[in-house]
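**Q** Below, each chain spelled out in residue letters.
There are 2 protein chains.
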Amino acid sequence: MLKFSERAINMQSSPIRKLAPLAAAAKKKGKKVYHLNIGQPDIHTPKEFFDAVSNLDMGVLSYVDSQGIPEAINSFRKYYTNWDIHFEEDEVYVTNGGSEALLFAILAVCDYGDDILMPEPFYTNYNSFTSIAGVNIVSFPTKAEAGFHLPVKDIITKSITKKTRAILLSNPGNPTGVVYTKEELYLVAEIAKEYDLFIIADEVYREFVYDGLKYTSFMHLPEIKDRVILIDSISKRYSACGARIGLMATKNRELLPLFLKLCQSRLCASALDQIGAAALINTPKEYFAEVLEEYQARRDVVYNALSNMKGVICQKPTGAFYVVAKLPVENAEDYVKFLLTDFDVDNETVMLAPAEGFYSTEGLGKDEVRISYCLNCEDLKKAMNVIEKGLEAFNK
Amino acid sequence: MLKFSERAINMQSSPIRKLAPLAAAAKKKGKKVYHLNIGQPDIHTPKEFFDAVSNLDMGVLSYVDSQGIPEAINSFRKYYTNWDIHFEEDEVYVTNGGSEALLFAILAVCDYGDDILMPEPFYTNYNSFTSIAGVNIVSFPTKAEAGFHLPVKDIITKSITKKTRAILLSNPGNPTGVVYTKEELYLVAEIAKEYDLFIIADEVYREFVYDGLKYTSFMHLPEIKDRVILIDSISKRYSACGARIGLMATKNRELLPLFLKLCQSRLCASALDQIGAAALINTPKEYFAEVLEEYQARRDVVYNALSNMKGVICQKPTGAFYVVAKLPVENAEDYVKFLLTDFDVDNETVMLAPAEGFYSTEGLGKDEVRISYCLNCEDLKKAMNVIEKGLEAFNK
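Chain order of the listed sequences is A and B.
When we follow the UniProt record's numbering, the leftmost residue of the first sequence carries the number 1, and every step to the right adds one.
When we follow the UniProt record's numbering, the leftmost residue of the second sequence carries the number 1, and every step to the right adds one.
Incorrect hints may appear among the rest.
Intra- or inter-copy, both count: the list cannot distinguish identical chains.
Under the rule of at most 25 Å between Cα atoms (straight-line distance), these lysine to any residue pairs were calculated in the SDA-like manner [what the hints assert, rightly or not]:
1) Lys225 x Phe4
2) Lys27 x Met58
3) Lys337 x Asp65
4) Lys3 x Ser217
5) Lys382 x Ser62
6) Lys143 x Ile313
7) Lys47 x Ile69
8) Lys32 x Asp65
9) Lys225 x Ile9
10) Lys225 x Thr81
11) Lys3 x Pro222
12) Lys29 x Thr341
13) Lys18 x Glu91
14) Lys27 x Glu71
15) Lys3 x Thr161
16) Lys3 x Glu190
17) Lys381 x Gln296
18) Lys337 x Pro257
19) Lys3 x Asn136
20) Lys382 x Val312
21) Lys163 x Gly113
22) Lys31 x Asp65
23) Lys3 x Ile191
No lab work stands behind these hints, which were simulated from the structure alone.
Okay, chain A solo, but in the shape it has when bound (with noise of 0.2 Å):
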């Protein structure tokens, strides 16, 4: 008999899309679905990107550098500049997407049967890398009653074994939208210092903190710098999710020629996307400004109503564009497909994620969904009022 490998059979089904069918089923039924599940913005990528990989006279595709065509680069290196993050031409390598670039940096520094060090919830496409790499995830638990900031020291230490290699953390964080405080990143610094971690930054929402809060890097902590992997993207800051490009950076120096065998083994990333990447460094400032209001306007809509719900927990999320929230359910898959399948407002109905797959515990979540607002704040609020009167039906 033909084997399939255990590592492929045992790897999670993606939680955000598992339930497609039903949304496609509701659908052909005729309504109207807000998809909540996936963090898929709205927003216009901007035309420095398209304009810049129109009419191209390259006459040969070619492969191009392994790390990265030197345009890509010099242009995330001046991004940083901006937030005060400074990289040099190699310390920073091109990735097929921020999902490479994850993956990269857990091979780097984990070998087979090695653990990491993660809050939970945590972004569900973890749990791939990790199965792939052969990695185990140890996790620590963060709260929606606390807003999913970071537990006491020793809560977040207990779960450390010889075997640990790295933390890695979204921040600002999906699923949860926390903003870490910069104390809250010293403490996870004191701990990489104490452990011998590295710390696997995963920064791709930047630009997406809200109420006017400082944003803090792991990069601006100069007594972390050789402990530090900054994993980025331009999908969610420019919303070109389509094109994959992704960065993982280092001040370790030790670790780049790792990082160069890792992306030479693929050759390298997409010529043309990278083209039109470098080519995002001309996006006007007030694209940002005007993203992050409206986002912060969304965000306000989808907590406003969440905080109106009976039972409902929620603390009000400061950055990304997802929410946590714990429901008045049992389990709250159950009700994400009950959603789909036997309830509507106006014959509109809504699809939403359910949290248990972004933990790693067995058991934690179970009555937690995942909302991403990336919809306009009109249709946030009709699919707000759905999720509303669907919780009343579904309790009845």
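Fit chain B to the supplied structure of chain A, relying on the hints for placement.
**A** Okay, now just chain B, sitting in the frame of chain A:
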């Protein structure tokens, strides 16, 4: 102390690229360097690709289907019907180049510690994908004297263990230029059935078969249709290496959900590159005919020159655009370095790829080089003259 992973530390440095600093130094001294080390075609990419991605009015460059956009999938299916290969729509998965397809195929059928069988020499990045997956390469030898055709059954099966899950071959062969006969394919099929192996068939050079030979794909053998994972790419076929578009396809329906999960883990392949790739189906037939004629002429230049060099062993390759030649030297890497640092003809020299890195068995290939003939015939003639004169000088 911070630990780096053994797997990354032990990953092979690209034998194709590692001597690049010496080539750069030669160029700095004003020497012209003919690059016979890399498989970067100089043939123009069909304009259909660039036209398709020009002046796109997409608004939002969104994520696309993890499996691939339907236009690309159907374009590939149509291409295959010209080769009498037939896939359903859910049997083709678009990947970030052939590289990702190879990695995903290995991950889907091999667990950590499993074996994968390959003839050596093999495409050097197979080393990288197995390193990432934690899979061991077990190999059997093929020889320059036999044109790198397969040995007898016993020699192939000798290395198979209980942990061997698949046999991975490129056909036409990189780095050898071998095109396997139908009989050789039947032999592999027989072994795969006997030992319950998958066949990972890397057929990215399918269009490059010379001398009017008829090409047989593993997909043409119905008795193993559930064992074959076809790996493909537009990189060589359409000279579009910088577009990272490859695919994996299989008739084994149990593999499909595993492929989908692997694809979902990195969300999608580049949207723009897929749009360009889909349009390549409209490339005029003459494109292939012209390219084939050109490469066959190049092959002739290279092979004729090699067969006239004293002490060089090399059978006429019939596919791809590579040849592995055994040289009358003890250490081919020293000779390659010598060409770059200490030799020229009229201020021109050549960069070759030492073949040792294409073998997994220690010591094999030490006296061999891989020659890539991606230059025009005039340049190739000059380059072959450098190689011949260089051998005489090196052996003095």
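**Q** Give a verdict on every hint.
**A** Verification of the supplied hints:
1. Taking CA atoms no more than 25 Å apart as the test, Lys225 paired with Phe4 passes between copies only; the shortest distance there is 16 Å, against 41 Å inside one copy.
2. Taking the shortest Cα distances, Lys27 and Met58 sit within 25 Å of each other only across copies (24 Å), while inside one copy they are farther apart (43 Å).
3. Proximity of Lys337 and Asp65 under a CA criterion of 25 Å is satisfied inter-copy only: 22 Å between copies versus 46 Å inside one chain copy.
4. In the homo-oligomer, the alpha carbons of Lys3 and Ser217 lie at most 25 Å apart only across protomers (23 Å), although the nearest pairing inside one protomer, at 45 Å, exceeds that limit.
5. Taking the shortest alpha-carbon separations for Lys382 and Ser62, only the inter-copy value of 23 Å comes in at or below 25 Å, while the best intra-copy value is 48 Å.
6. Taking the shortest alpha-carbon separations for Lys143 and Ile313, only the intra-copy value of 10 Å comes in at or below 25 Å, while the best inter-copy value is 69 Å.
7. Taking the closest pair of Cα atoms, Lys47 and Ile69 come within 25 Å of each other both inside a single copy (20 Å) and across two copies (22 Å).
8. Proximity of Lys32 to Asp65 under the C-alpha cut-off of 25 Å is restricted to the inter-copy arrangement: shortest distance 21 Å between copies versus 45 Å within a copy.
9. When the C-alpha separation of Lys225 and Ile9 is checked against a cutoff of 25 Å, the pair qualifies only between copies, where the shortest distance is 21 Å, while the shortest distance within a copy is 38 Å.
10. Taking the shortest Cα distances, Lys225 and Thr81 sit within 25 Å of each other inside one copy (16 Å), while across copies they are farther apart (54 Å).
11. Within a single copy, Lys3 and Pro222 get their C-alpha atoms only as close as 49 Å, which misses the 25 Å cut-off; across copies the closest is 20 Å, which meets it.
12. When the C-alpha separation of Lys29 and Thr341 is checked against a cutoff of 25 Å, the pair qualifies only within one copy, where the shortest distance is 10 Å, while the shortest distance between copies is 72 Å.
13. In this assembly of identical chains, the alpha carbons of Lys18 and Glu91 lie at most 25 Å apart only when taken from different copies (19 Å versus 37 Å within one copy).
14. Taking the shortest alpha-carbon separations for Lys27 and Glu71, only the inter-copy value of 23 Å comes in at or below 25 Å, while the best intra-copy value is 44 Å.
15. For a Cα distance limit of 25 Å, the shortest separation of Lys3 from Thr161 across copies, 14 Å, qualifies, whereas the shortest one inside one copy, 33 Å, does not.
16. Only between protomers do Lys3 and Glu190 lie at most 25 Å apart by alpha-carbon distance; the minimum there is 17 Å, versus 45 Å within a single protomer.
17. In this assembly of identical chains, Lys381 and Gln296 lie within 25 Å of each other by CA distance solely inside one copy; the values are 14 Å within and 65 Å between copies.
18. Proximity of Lys337 to Pro257 under the C-alpha cut-off of 25 Å is restricted to the inter-copy arrangement: shortest distance 21 Å between copies versus 47 Å within a copy.
19. For the identical chains of this complex, Lys3 and Asn136 are neighbours both inside a copy (23 Å) and across copies (16 Å), given an alpha-carbon limit of 25 Å.
20. With identical chains, the CA atoms of Lys382 and Val312 are at most 25 Å apart within one copy only, with a shortest distance of 18 Å there and 76 Å across copies.
21. Both within a single protomer and between protomers do Lys163 and Gly113 lie at most 25 Å apart by alpha-carbon distance, with minima of 8 Å and 19 Å respectively.
22. For the homomeric pair Lys31 and Asp65, the shortest alpha-carbon distance between copies (22 Å) is at most 25 Å, but the shortest distance inside one copy (48 Å) is not.
23. Taking the shortest alpha-carbon separations for Lys3 and Ile191, only the inter-copy value of 16 Å comes in at or below 25 Å, while the best intra-copy value is 42 Å.
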